[in-house]
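K.L.:
As you go down the protein sequences, you meet chains A and B in turn.
Heads up: take any position in the first sequence, counting from 1, add 194, and you land on this note's numbering.
Heads up: take any position in the second sequence, counting from 1, add 38, and you land on this note's numbering.
Check the hints yourself; a few may be wrong.
Derived SDA-like pairs (lysine to any residue); straight-line CA-CA distance at most 20 Å [what the hints assert, rightly or not]:
1. A/K225 x B/D166
2. B/K252 x B/K264
3. B/K56 x B/E164
4. B/K191 x A/E232
In case anyone wonders, no lab produced these hints; they're calculated from the structure.
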Amino acid sequence: MRLYADSSKCSGCNACRVACSLNLFGESNPKKAALVIEPHFPAEGVYKVRVCTQCGYCAAVCPTEAIVKNDRGAWYVNFAECNLCEACVPECPEDVMFLRAEMANTAWECDLCGDCVAVCGTNALWIAE
Amino acid sequence: MLNGYGGQILRVNLTEGKISKEPTPPELARDFIGGRGFGAYFLFKEVPKGADPLGAQNKLIISSGPFSGMLVPGGGKCDWTTKSPLTGGYASASLGGHFTAEMKYAGLDSIILEGISPKPVYLFIEDDKIELRDAADLWGKGAIQVEKQFKDKLGEEYQVAVIGPGGEKLVSYASINHDYGRQAGRGGVGTVMGVKKVKAIVIRGTRSVPVADKEAYRQAGMALYKACKEAEFLPEWTRYGTTVVTSWCDEVGALPTRNFSAGSFEGGKTLYGPVMRETIVITDKGCFGCPSPCGKYSRSKKYNLEVEGPEYETIGMMGSNLGISDIEAVAKLNLLCDDLGIDTISAGSAIGWAMECYEKGIFTQKDTDGLDLKFGNVEAAFSLVEKIANKEGLGALLSEGVKKASKKIGQGSEKFAIHVKGMEQSAYATHNATAMLISYMTSDVGAHHNRAWAITYDLQVGRDKVVPEKVARVIWLQNFRPMFDVLGGCRLQWVELGIDRDLYVPAIEAITGIRRTWEDLEKTGERIWNLTRLFWARENEDFGREWDMPAPRFYEEPPTTGVTKGQITKLEDVNKLLDMYYEQRGWTSEGMPTSAKLEQLGMAELVA
Chain A
195 MRLYADSSKC SGCNACRVAC SLNLFGESNP KKAALVIEPH FPAEGVYKVR VCTQCGYCAA
255 VCPTEAIVKN DRGAWYVNFA ECNLCEACVP ECPEDVMFLR AEMANTAWEC DLCGDCVAVC
315 GTNALWIAE
Chain B
39 MLNGYGGQIL RVNLTEGKIS KEPTPPELAR DFIGGRGFGA YFLFKEVPKG ADPLGAQNKL
99 IISSGPFSGM LVPGGGKCDW TTKSPLTGGY ASASLGGHFT AEMKYAGLDS IILEGISPKP
159 VYLFIEDDKI ELRDAADLWG KGAIQVEKQF KDKLGEEYQV AVIGPGGEKL VSYASINHDY
219 GRQAGRGGVG TVMGVKKVKA IVIRGTRSVP VADKEAYRQA GMALYKACKE AEFLPEWTRY
279 GTTVVTSWCD EVGALPTRNF SAGSFEGGKT LYGPVMRETI VITDKGCFGC PSPCGKYSRS
339 KKYNLEVEGP EYETIGMMGS NLGISDIEAV AKLNLLCDDL GIDTISAGSA IGWAMECYEK
399 GIFTQKDTDG LDLKFGNVEA AFSLVEKIAN KEGLGALLSE GVKKASKKIG QGSEKFAIHV
459 KGMEQSAYAT HNATAMLISY MTSDVGAHHN RAWAITYDLQ VGRDKVVPEK VARVIWLQNF
519 RPMFDVLGGC RLQWVELGID RDLYVPAIEA ITGIRRTWED LEKTGERIWN LTRLFWAREN
579 EDFGREWDMP APRFYEEPPT TGVTKGQITK LEDVNKLLDM YYEQRGWTSE GMPTSAKLEQ
639 LGMAELVA
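Please model the complete structure; the sequences and the hints are all you need to start from.
P.N.:
Put into structure tokens, the structure is as follows:
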């Protein structure tokens, strides 16, 4: 299972990213979300969404084995084990592996909680095989 | 720590270049909640009586609310309050987009701009790093270009609110632009930013907002989103946004046509929502946290441009109201106004009034700088928008708004200057829609629709009926709907999707820790309504009943075309509506809150 996005349906509202940060950190802070909305305005006038594909490349390079699978079958970062080495970040083909030390003492990524899908009013996001 | 709030009020003294912060007073949060409530409070308490709207004593108060930046549908609303240079009274404009969320994340509930900067500046806010920076190289540039420049330089996490040349040149209805197409549009909030020489506010915050009960907050937020997603009207609303009403207004005679001389437009069909969607819309564009995005981003091949919109008000005011039936021309007018930084509603009304003056021979081509200002002349409308923003020729007169312009010109033109209290009426023709008429007459900023959009109620109970129920409905809407602006959220999930408003109650409690029912909230709404009424009276010596009168067109001149042909509200019914309104509000026959009313609302001390 993984998260999918149809960028053409995204309206850039960021509800998904608030829900995401609430799930991951218990905070309302879209800058601590695990998916990205890139606005392209005033031209070409579209949003581009990037999400985790569960490829696992991040886990393969993690020296502390902080990136493990949860019971939904998704890779996630065990915050307690992350040593902020950043090895995982450049490995991510979608650029959705995050480490922003000024905001959190850990790396983070999508754990497939599904809350983003639940709040998206335009059905731009879904979870499937 | 104040749950649900940024926790700080930021004061920027532009005269001295001094920046200071103070904690948001808990009793202010308790009594006025946030957003528009904070704006009204600071305006009433801090702007001295008789302050010149364009002077150093006026303030521009920018406020988020408890819903802003949170997991609440539509938590992207920001209130901009000032003493209006257009009307001389209370102005409060609501800005969508993503600005208000960054205010909260930067820990700010209100930003208060005071004084006048000696030179053009922009306000830069990044959490605790707050600076006034030189804006000499930005002055004179269009709003879209300036926003793009900041985003290119700083990145997409920064939000920008910016004025265009119209604000710099002090057009009385200058707007503040954000997110390439969202505006704090009405009442001249951009004019006040312009006179203070603040070109832009750039903001980014990284903090999280504290909440009273995290799990209850998450559940309440998710329940609200679920209700929105299950709403039957969601797909149609999202497809067309506010343009769902264009065809309806045309069919019921509410579509302003040729300066409100009629309510149906023979060229209206090519302006309808489905035509626009098929021909120019490329993307749905949502404000922060919105599951039902009404923003439509469009591309016009004919004019080679991209623009957010046009939304219904702009279609009404710059399309049918100018006799223009080409949606792509309306899109261009929309973009011109946004980039130049002027309100499309007031500009559309001013141009419509000028076109009528021209067709009646009050203006000749000598007065119009050679423009053939007939209704429907698209090129003349383009040209006039630029002249207004730059205050050139006829544009200088029109930049003052139709009340002042018609007073100067006279010759009966006051009768078709479509405004209340100096604010141009937005896009609902009210020849025969008495609830909407009294709504416009008594709106707290002048003739604006968003406080009480009562026109559907007219159709429901009989449009020409002058009955207490209509007035009661308008008062209820005026107390209730602005509470979304107070909370920092959007009303449209309730208005358009019809979600149960009680679903907001647990969200408010979980976020702020204070339980407020809608009955409590409406009481707060009523207090704010009375406070702003007192502000009007304090600032205008002759304020009273006359100020609530609509444009004579709506009681003297029945339309000669369209579905409301021959229909009109009688002057005696206009007065009857006002009498009923004042009585139900607990006001005097001159429209002033009585001391008993103020006592009942617990406001006597506040306004003493």
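K.L.:
Against this structure, judge whether each hint is valid.
P.N.:
Evaluated hints:
1. Our distance criterion of 20 Å between C-alpha atoms is met by A/K225 and B/D166, whose separation comes to about 17 Å.
2. Of the pairs offered as hints, the one joining B/K252 and B/K264 holds, with about 18 Å between alpha carbons and a cut-off of 20 Å not exceeded.
3. Between B/K56 and B/E164 the CA atoms are separated by roughly 17 Å; this keeps the pair inside 20 Å, and the hint holds.
4. Using a Cα cut-off of 20 Å, the hinted pair B/K191 and A/E232 holds, with the two alpha carbons roughly 15 Å apart.
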